[in-house]
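Now for the letters of each chain:
2 protein chains.
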Amino acid sequence: MTKNLLTSLPDASAGEVVTSLVTREGMRIERIVSQGQGSPEGFWYDQAEHEFVLLLQGHAELEFEDGRTVTLRLGDWVEIEAHVRHRVRSTAPDEPTVWLVAFYG
Amino acid sequence: MTKNLLTSLPDASAGEVVTSLVTREGMRIERIVSQGQGSPEGFWYDQAEHEFVLLLQGHAELEFEDGRTVTLRLGDWVEIEAHVRHRVRSTAPDEPTVWLVAFYG
Chain A
7 MTKNLLTSLP
17 DASAGEVVTS
27 LVTREGMRIE
37 RIVSQGQGSP
47 EGFWYDQAEH
57 EFVLLLQGHA
67 ELEFEDGRTV
77 TLRLGDWVEI
87 EAHVRHRVRS
97 TAPDEPTVWL
107 VAFYG
Chain B
7 MTKNLLTSLP
17 DASAGEVVTS
27 LVTREGMRIE
37 RIVSQGQGSP
47 EGFWYDQAEH
57 EFVLLLQGHA
67 ELEFEDGRTV
77 TLRLGDWVEI
87 EAHVRHRVRS
97 TAPDEPTVWL
107 VAFYG
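Order-wise, the sequence lines are chains A and B.
Under this note's numbering, residues 7 to 111 are what the first sequence spells out, in order.
Under this note's numbering, residues 7 to 111 are what the second sequence spells out, in order.
So that you can see chain A by itself, here it is in the shape it has in the complex:
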């Protein structure tokens, strides 16, 4: 019944790999493994739900439409409120980046 988020990582070099951990009414938790991916130029996420993001391995940069950028490393977390437009500017090119994300609200 226990599972591990950091061992036996899938190969994400060809594209992000999303694994659903928990799906409940109004709430889901996922692991995302990235390797070098970022959002397409000019693309913004505009989500109906709030998102909690915690970085578990690797590193990444988030960019917000208001101009803020946020670098995430091990243990860094941020909550992105619904409809706050954002994108993934970059993830580590040479190692897996592992995110825990929860969507709710």
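It is possible that part of the hints are untrue.
Which copy is meant is left open, so a pair is good if it fits within one copy or across any two.
Unchecked claim - Computed cross-link-like contacts, DMTMM-like style, restricted to lysine to aspartate or glutamate with a CA-CA straight-line distance of at most 25 Å: (1) Lys9 - Asp82; (2) Lys9 - Glu36; (3) Lys9 - Glu31; (4) Lys9 - Glu57; (5) Lys9 - Glu101; (6) Lys9 - Glu87; (7) Lys9 - Glu67; (8) Lys9 - Glu69; (9) Lys9 - Asp72; (10) Lys9 - Glu71.
Keep in mind the hints are simulated off the structure, nothing from the lab.
Dock chain B against the given chain A, drawing on the hints supplied.
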């Protein structure tokens, strides 16, 4: 706006330290820092909400009323459904154990 769950840890040697990260309707996320604590003998959590538990540092043992025990180390996670009775059997005595927990549903 970014915060880190693993740096500047509070001293939990005298008691668990709970830090609320996100509180939303029907959903909350917390960091718990333990050091050597376990639930009192004979005590069982019996919660109205589901709980997602992810271990970020240290190690811990969970015990369930049906007799199962689960050892959690870095990256291990488990979902404990509402009203599944459980207790913390032990946490690492000599280093902080850091949990990310979410309650929902």
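Practice item. Evaluate Lys9 and Glu36 at a C-alpha cut-off of 25 Å and name the case that applies: within, between, both or neither. Key: Both ways: Lys9 and Glu36 sit 13 Å apart in one copy and 20 Å across, limit 25 Å.
**Study point:** Homomeric proximity label, Lys9 with Asp82: Cα distance no greater than 25 Å
**Key:** both (22 Å within a copy, 5 Å between copies)
Review point. Given a CA cutoff of 25 Å, do Lys9 and Glu87 count as a within-copy pair, a between-copy pair, both, or neither?
Key: between (29 Å within a copy, 16 Å between copies)
Review point. From the Cα coordinates, with 25 Å as the cut-off, is the pair Lys9 and Glu101 best called within, between, both, or neither?
Key: Answer is both; intra-copy 21 Å and inter-copy 23 Å each pass.
Check your understanding: For the identical chains here, do Lys9 and Glu57 meet the 25 Å Cα criterion within one copy, between copies, both, or neither?
Key -> both (22 Å within a copy, 15 Å between copies)
Check your understanding: From the Cα coordinates, with 25 Å as the cut-off, is the pair Lys9 and Glu67 best called within, between, both, or neither?
Key -> between (27 Å within a copy, 14 Å between copies)
Check your understanding: Is it within a copy, between copies, both, or neither that the alpha carbon of Lys9 lies no farther than 25 Å from that of Glu71?
Key -> Answer is between: at 20 Å across copies they meet the 25 Å cutoff, but 36 Å inside does not.
Exercise for review: Can you give me the call for Lys9 and Asp72, within, between, both or neither, at a CA distance of at most 25 Å?
Suggested key: Between. Shortest inter-copy distance 19 Å satisfies the 25 Å Cα cut-off; intra-copy 38 Å does not.
Review point. Is it within, between, both or neither when you check Lys9 against Glu31 at 25 Å Cα-Cα?
Key: Result: close within a single copy only, 22 Å intra versus 28 Å inter.
Review point. Using 25 Å as the alpha-carbon threshold, which applies to Lys9 and Glu69: within, between, both, or neither?
Key: between (31 Å within a copy, 16 Å between copies)
Checked against the numbered hints above, the structure breaks none of them.
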